[in-house]
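With the hints as constraints, model all of the structure from the sequences given.
Number of protein chains: 2
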Amino acid sequence: MTQTSKNIAIIGSGLVGSLLAIYLKKRGHAVTVFDRRPDIRTIEFSGRSINLAMSNRGWRALREVGLEDSIKEIAIPLEKRAMHVNEKPVYFQKYGKDGEAIWSISRGILNRKMIDLAEESGAKFKFNEKVWDIDLPEAKLFTGETEKSEWKEYQYDLIFGCDGAFSRVRHKMQRRSRFDYSQSFINVGYKELTIPPNADGSHKLEKNSFHIWPRGKFMLIAMPNIDGSFTCTLFLPFEGPVSFESITNTKEAQEFFKTYFPNVRKEIENLAKDFFKNPTSAMVTMKCYPWTYWNKVALVGDSAHAIVPFYGQGMNAGFEDIFVLNGLIGQYGDDWETIFSEYQKQRKPNADAIAELSYRNFVEMSSKTADQKFLLQKKIEKWFSNKHPDKWIPVYSRVTFSDKPYAEALAIGDMQEKIMKEVMQLPDIAEKWDSEEVEKKILALLDN
Amino acid sequence: MTQTSKNIAIIGSGLVGSLLAIYLKKRGHAVTVFDRRPDIRTIEFSGRSINLAMSNRGWRALREVGLEDSIKEIAIPLEKRAMHVNEKPVYFQKYGKDGEAIWSISRGILNRKMIDLAEESGAKFKFNEKVWDIDLPEAKLFTGETEKSEWKEYQYDLIFGCDGAFSRVRHKMQRRSRFDYSQSFINVGYKELTIPPNADGSHKLEKNSFHIWPRGKFMLIAMPNIDGSFTCTLFLPFEGPVSFESITNTKEAQEFFKTYFPNVRKEIENLAKDFFKNPTSAMVTMKCYPWTYWNKVALVGDSAHAIVPFYGQGMNAGFEDIFVLNGLIGQYGDDWETIFSEYQKQRKPNADAIAELSYRNFVEMSSKTADQKFLLQKKIEKWFSNKHPDKWIPVYSRVTFSDKPYAEALAIGDMQEKIMKEVMQLPDIAEKWDSEEVEKKILALLDN
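Chains R and C, in that order, give the protein sequences.
Heads up, the first sequence is in our numbering, so the first residue is 9 and it goes up one at a time.
Heads up, the second sequence is in our numbering, so the first residue is 9 and it goes up one at a time.
By construction, these hints were calculated from the structure, which means they are not laboratory data.
Be aware that one or more of the hints could be misleading.
Each pair may be met inside one copy or between any two copies, as identical chains are not told apart.
[Stated by the list, open to error] Under the rule of at most 27 Å between Cα atoms (straight-line distance), these lysine-lysine pairs were calculated in the DSSO-like manner:
1) K212 - K96
2) K14 - K387
3) K285 - K102
4) K259 - K105
5) K387 - K448
6) K215 - K381
7) K80 - K215
8) K148 - K180
9) K285 - K215
Structure follows, in C-alpha cells:
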C-alpha cells in the first residue's frame, strides 16, 4: 500500500493523543499535538483521577509499537478483588485464570511517560495552545489566548480529536445537521483520596489486589501505586441522605468514614482532609455519530465515546481505537476516506457495547453486591465456567482478557443471562447449585 | 400572591417566544424579545416549513389570553384525513367525534400575527440582534455582530430561551456538568412544496382535510392555507434507491411524481420546480435536562424538547409549556425558583412522552400504513371505542382533543396496545372482528 507522509494535527495530549502520535510517527507522518493545558510533566496532577486498569486491549495496542515492557515497569498487576465487607474478614475473588490480571497505573505517571515516548518518536507538542475553532472540510485549526482574541490559523492534511469527553473537535461536528449526540450523567459522583505508604515505603493494604468496600448505594475502591501509596476513589450519590451534599465538614467526613469504612480507620484523618481538598467529579456516558468528517477529521477515544469507569475499560477502548485504525491504515494506505469510514463503522457498535456494559456494572455494583441471589448466580456461573471453560467464558473475561469485540461480549452476556435466569428458577437451587442436574440444564440450554 | 414586575428577556421571536411575551406582559413584566434573524414580517418566509396543526392544547393556551378567536380567522379546520392510495378513490377518516378537528395554519402567517399581538401588548422586539453568550447565574446577555466582534451586555432578572431546537441558551447550559442532552436525527428528510389555488381562488383539493399520500418508506402530505393554496410536505429518505440523493434533476423529479403521485399530476410541474428551489431539511428529536437554571433562566418549547413532526404536536407542546408555566406563576407569585423547578418537573415527563409518540408515528407511517393487520387493528379499536366511548379513548384523541398529560396518553396507549395484541391473536379475527365475542374479550382485558 502506498503511504504518503501527511501533516497531521492531534488535539489533546492525553493517553490516547500521545499513543496515536507514536503510531502515526511510526508510519512516517509529521505529527503536532496541541493541548490547551500546560505540559502535564511540569505540573502537579489534578487530584481528580481514578487509577487506570490496563487490561488486554490496552496492552495489545502498546505491544504493537514496542511499549508494553516499558509501561509494565510503572504498573502493578492485580489478579484479584479484595472485598472489604464490614464485620467480616477480607475475602478475595480471582479475576480470571492463572496469569490473568489487570494492571494498576497512575494516570499522571502514565501520561507523562507517554508524552516522553511520543516526543522521542519525533512528535511535536504545543502545550498551552488553545484550539477554538476547526474548519472541518479544510482541516484548519484556529488557536488563540481566548475565544475572542486574535487567532492563529494552521493548515493540516488530517486532524484527530483526542480531546476527551468534552471535545472541542466533536463540538464543532455537533453543530452540523444529522449529527447524533447524547450525554447522560449518572447521579453518583466521585472523589480521589489517597492512602499513603508505610514509613518503610511498603503498601498498607495487600498490594496485588483491587480493593473494594461495597456499601450498596456507594463504595470505596483502592488501587496500588508503585510508590507504596493507594489511589482511592469514593463513589457516592451527589444528593440524598448519605451523599456528597450531606457531608459538609471534616467532622461529618470523619463520622462517615468511621461508620461505613471502619477497617480503613487508621487512614481516616488523611482521607477526611483529602475529602475537602479534592474536587467532586461527575461521570458521563457520551455517544455520537458520525465520528469522522470526510477524509479530514476523526474522533478517537473519549471524544467519540466517553463511558462511566465501572468496567475499567475507558483507556483500553481508546487504545483499541488506535490499534484498529492502524490496521486499516495498513490495509488502505492513502485512502483516508475509506480508512475513516471503516474505522467508525467497525468501532461504533463496540463503543456502544462497552458503554452499556459499563453502565450495567454501575447499576450492578450499586444495587446487587449485597443480593444473595445475585451472588449465588455468580457462583454458579463460575463453577460451570471452570468445568466447561470452552463453553462458558464470563463476560468480564471476554471484555478484560480477550480482544474479541465488545459487541460480541455484550450479546453473549445477554444470552448467558437468559440461561441463568432459567437456572435460578429451579426449585432448591441454593442447595443443589453445583449438582449434575444444574450442569446438564445449562448444557441443554446452551445447545438451544 | 405577590408579583413583582421583572425585567425579562426572551430569546427567539418564534411562536413560543411571542406567546410567552404576551403572557408575561399580561402579568405586568417588562419584556424584551431578541431574535438573531430579521423581523419575519418584513421578509419572505423560509420555504422550509410544514404547516401547523393547532389542536386542543394550542387553543387552550391562546384562549387563556383571549387570542383564540383572532387566530381561528387565519386557520382552517380539518376534521378528517383524506387518504390518497394509488388506483383507489380517495377515502376519508374522521379524526374524532363530531366537532373535533385539527386546524391548519401557515407558520409564517401565524408567526407574523403573534409578533403583532405581542407588540400590541407592549413587548419590545429587538430583531437582527444576535445573542452569543449568556451568563446564567447573573442573567446577563451578550450580543454583537459576530461571535468575535465587540459585544453589548444586557442585565435582566430572568431570561427565557425560546430559540428552538438549536438553542444558544441551551447550548450554554449544556457545557455545565450534569446536564443531560441528546439529539437524534431520523434518516428521512422533508421538503416544502406548494399546490397553488385555482384561478378563482378556491382550493384544488378538498379543503377541510389533511391530505396524505402514503407510499411506505416515503409520503406526501398537503394542508390547506386560507389563500386557497396547499402547503405540501414531501417526507423522503435522505439516501437509498428512492431518496433525496437519488433525485438530481427536474426530469427525475417529474418522473418521481408521475410514478408515485399520479393523482397530483396536474400540479407536478410546479412541484418539480419547488423541489430544487426549496431546501431539504432534517428532523431531530432533542431532549435535555434540567430545563432551568436557578431562578434565572428557563427553556420553553423546542429549545427544551424538539420532536419530529409526525404527531403535529410540536407547537401545541410548546404552547402548553407556557400555559403550565403561567399556572405556576399564579400559584407561586415571586418565588421563581419554585416556579422553575415545578415547571421542569411537571413538563419533562410529558415532553418525553410526546417525543416518543411522535417518533412512533413516524415508524408507523413509514412501515405500517400498508399492513392489512395493522389496519384491521385500528378498525377494531375504532369500533370498540364507538361502542364504549367511556372505556376506550384512542391515543390520538387523548393527545389531540384533550388536555390530559401526554405521559398518561402514552401509558394508556401502551396498555391498549397490549390488549389489542391479544385480540389480534384470536382465531379468525378478520371475520369476527365486530362480534360480541371480541367486544367481551376487550371488556374482560380492560377489567384486568
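For the identical chains here, do K285 and K215 meet the 27 Å Cα criterion within one copy, between copies, both, or neither?
Intra 26 Å, inter 70 Å, cutoff 27 Å: intra-copy only.
At most 27 Å between C-alpha atoms: does K387 with K448 qualify within a copy, between copies, both, or neither?
within (16 Å within a copy, 49 Å between copies)
Between K80 and K215, at a C-alpha cutoff of 27 Å, which is it: within one copy, between copies, both, or neither?
within (15 Å within a copy, 76 Å between copies)
When Cα atoms must be at most 27 Å apart, do K259 and K105 count as within-copy, between-copy, both, or neither?
Neither. Shortest intra-copy (44 Å) and inter-copy (67 Å) distances fail the 27 Å Cα cut-off.
K285 and K102: within-copy, between-copy, both or neither at 27 Å Cα:
Neither: 34 Å inside a chain and 66 Å across chains, both beyond 27 Å.
Intra- versus inter-subunit Cα pairing at 27 Å for K148 with K180:
Answer is both: 12 Å inside a copy and 25 Å across each meet the 27 Å cutoff.
Treating 27 Å as the Cα threshold, decide for K212 and K96: within, between, both or neither.
within (19 Å within a copy, 83 Å between copies)
Which holds for K215 with K381 at a C-alpha limit of 27 Å: within a copy, between copies, both or neither?
neither (30 Å within a copy, 64 Å between copies)
Up to 27 Å between alpha-carbons, please classify K14 paired with K387: within, between, both or neither.
neither (53 Å within a copy, 63 Å between copies)
The structure is inconsistent with the numbered hints 2, 3, 4 and 6, although it conforms to all the rest.
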